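Fit chain B to the supplied structure of chain A, relying on the hints for placement.
Read top to bottom, the protein sequences are chains A and B. Heads up, the first sequence is in the numbering used here, so the first residue is 45 and it goes up one at a time. Heads up, the second sequence is in the numbering used here, so the first residue is 43 and it goes up one at a time.
It should be emphasised that the hints constitute simulated quantities derived from the structure, not laboratory data. Just so it is clear, the structure is predicted and the values come from calculations on it, not from any experiment. Note that the Cβ used here is the ideal one computed from N, Cα and C, for glycine as well. Any given hint might turn out to be false.
[As the list claims (entries may be wrong)] Here are the simulated distance ranges between beta carbons:
hint: 1; chain 1: B; residue 1: 127; chain 2: A; residue 2: 135; range: 38 to 46 Å
hint: 2; chain 1: B; residue 1: 111; chain 2: A; residue 2: 171; range: 33 to 41 Å
hint: 3; chain 1: A; residue 1: 168; chain 2: B; residue 2: 155; range: 53 to 61 Å
hint: 4; chain 1: B; residue 1: 84; chain 2: A; residue 2: 242; range: 36 to 44 Å
hint: 5; chain 1: B; residue 1: 105; chain 2: A; residue 2: 66; range: 16 to 24 Å
hint: 6; chain 1: B; residue 1: 111; chain 2: A; residue 2: 245; range: 41 to 49 Å
[Claimed, not checked] In silico contact screen, one side only, chain B against chain A (beta carbon under 7 Å); selected entries:
hint: 7; residue: 78
hint: 8; residue: 93
hint: 9; residue: 94
hint: 10; residue: 96
hint: 11; residue: 98
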Amino acid sequence: MNPSADELVQQYLRGLERELRGLPRSRRSELLEEVREHIAAALAEMKSPSAADVRTLLERMGDPAEIAAEAGSRIAHRPARAGLVEVGALVLLPLGGLLLPVVGWFAGVILLWASSAWSSRDKLIGTFLVPGGLALPVFALFMVGGETCAGVEVRDGRTGALVQANEQCSGGPSTSVEVLYFGGIIAAVVLTLGSAMYLALKLRRSSSTAQPV
Amino acid sequence: MSNDENARGGLPAQMRRGVLEYCVMALLRDDERYGFELVRELAQVDGMVTSEGTIYPLLSRLRRDGLVETRWRESPSGPPRRYYRLTGPGVRALERFRQEWARFRATVDQFIEEERSEPIS
Numbered sequence: 045m046n047p048s049a050d051e052l053v054q055q056y057l058r059g060l061e062r063e064l065r066g067l068p069r070s071r072r073s074e075l076l077e078e079v080r081e082h083i084a085a086a087l088a089e090m091k092s093p094s095a096a097d098v099r100t101l102l103e104r105m106g107d108p109a110e111i112a113a114e115a116g117s118r119i120a121h122r123p124a125r126a127g128l129v130e131v132g133a134l135v136l137l138p139l140g141g142l143l144l145p146v147v148g149w150f151a152g153v154i155l156l157w158a159s160s161a162w163s164s165r166d167k168l169i170g171t172f173l174v175p176g177g178l179a180l181p182v183f184a185l186f187m188v189g190g191e192t193c194a195g196v197e198v199r200d201g202r203t204g205a206l207v208q209a210n211e212q213c214s215g216g217p218s219t220s221v222e223v224l225y226f227g228g229i230i231a232a233v234v235l236t237l238g239s240a241m242y243l244a245l246k247l248r249r250s251s252s253t254a255q256p257v
Numbered sequence: 043m044s045n046d047e048n049a050r051g052g053l054p055a056q057m058r059r060g061v062l063e064y065c066v067m068a069l070l071r072d073d074e075r076y077g078f079e080l081v082r083e084l085a086q087v088d089g090m091v092t093s094e095g096t097i098y099p100l101l102s103r104l105r106r107d108g109l110v111e112t113r114w115r116e117s118p119s120g121p122p123r124r125y126y127r128l129t130g131p132g133v134r135a136l137e138r139f140r141q142e143w144a145r146f147r148a149t150v151d152q153f154i155e156e157e158r159s160e161p162i163s
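In isolation and in its complexed conformation, chain A is listed as follows (with noise of 0.2 Å):
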């Protein structure tokens, strides 16, 4: 087989792949596994392909965008299901790192992964969106202080006895980092139950009927 010929079918797998973005990695490869195996095979039964028997066999192979179009069109149909193992992501990934710190989020993301219902960029949305879930703002809410307070006695010189007390407090943040540490605090929260919704909703959305090719 000249270079050229296998240069094509190098050229119409690669768009293939192209085409087949949106499926889940496993479905992807797959395909693109059994039509390679199948060009390869159809190119064997030639004596000695030529460049434009190869362009015939690829045409006769199809337009890669119908044959990725044939296997999303009824992607829905699959029983989406918002089964026990994505109700336990959803839950752990905000909340679980509160239940039992990293373990418990962590616990979170392999349920994530685990699952077949989201696609690999809704998962990467989900794990990163915020890291450790609830727990790391709250934690970081606990974490508020840094400053030291001494506190300060004033007796009489005379008698001992107490005039004054104070305490005077130095240190600590000044007041525009503790804006900003709150507002990071309050983005985290808000980002975490935001992507914690996304994926519910693009649960949901998977499981109505058949998009239409």
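Below, chain B without anything else, positioned relative to chain A:
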């Protein structure tokens, strides 16, 4: 519906796709076959398969719906092949289609044949 589909004889693409999976299932009822074999048989009928590559997503879908099952078998020339075969539910679904199709065909024939027998005044 594009113009060249009409040129192909008036059968809309949707209809071809709809029956194609039952034709595939029919081929898998009594024998197990692998993808390449299936395409070759289907391609013998002109216009049955417009895009050979679409067989694979179709088969994958049938598998997910539980209508076909697969197993791997060694091939004399190359990597192991995935062979497809109808499952019990697949056989039943095919049978249901066969009855529906017979009814449908009879109904359509009625209209089409009536058209022909009516003289155009």
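Structure-based check of all given hints:
A C-beta distance of roughly 41 Å is found between residue 127 (chain B) and residue 135 (chain A), which places it inside the suggested range of 38 to 46 Å. For the pair residue 111 (chain B) and residue 171 (chain A), the beta carbons lie near 35 Å from each other, so the given range of 33 to 41 Å is met. Between residue 168 (chain A) and residue 155 (chain B), the C-beta spacing of about 59 Å keeps the proposed range 53 to 61 Å intact. Checked against the hint of 36 to 44 Å, the pair residue 84 (chain B) and residue 242 (chain A) passes, with Cβ atoms roughly 42 Å apart.
Checked against the given bound of 16 to 24 Å, the beta carbons of residue 105 (chain B) and residue 66 (chain A), roughly 20 Å apart, stay inside it. Look at residue 111 (chain B) against residue 245 (chain A): about 35 Å separates their beta carbons, and that is not inside 41 to 49 Å. The closest approach between the C-beta of residue 78 (chain B) and any C-beta of chain A is roughly 5 Å, which is under the 7 Å cut-off, so the hint is satisfied. A distance limit of 7 Å between C-beta atoms decides the matter here; for residue 93 (chain B) the minimum to chain A is near 2 Å, and the interface restraint holds.
For residue 94 (chain B), the interface hint holds, since its Cβ comes within 7 Å of a Cβ in chain A; the closest pair sits about 5 Å apart. The beta carbon of residue 96 (chain B) is positioned within 7 Å of a beta carbon in chain A (closest approach about 4 Å), and the interface hint is therefore held. Given the 7 Å rule on beta carbons, the hint for residue 98 (chain B) holds: about 4 Å separates it from the nearest Cβ of chain A.
In summary, the structure is inconsistent with hint 6 from the numbered list given earlier, while agreeing with all the others.
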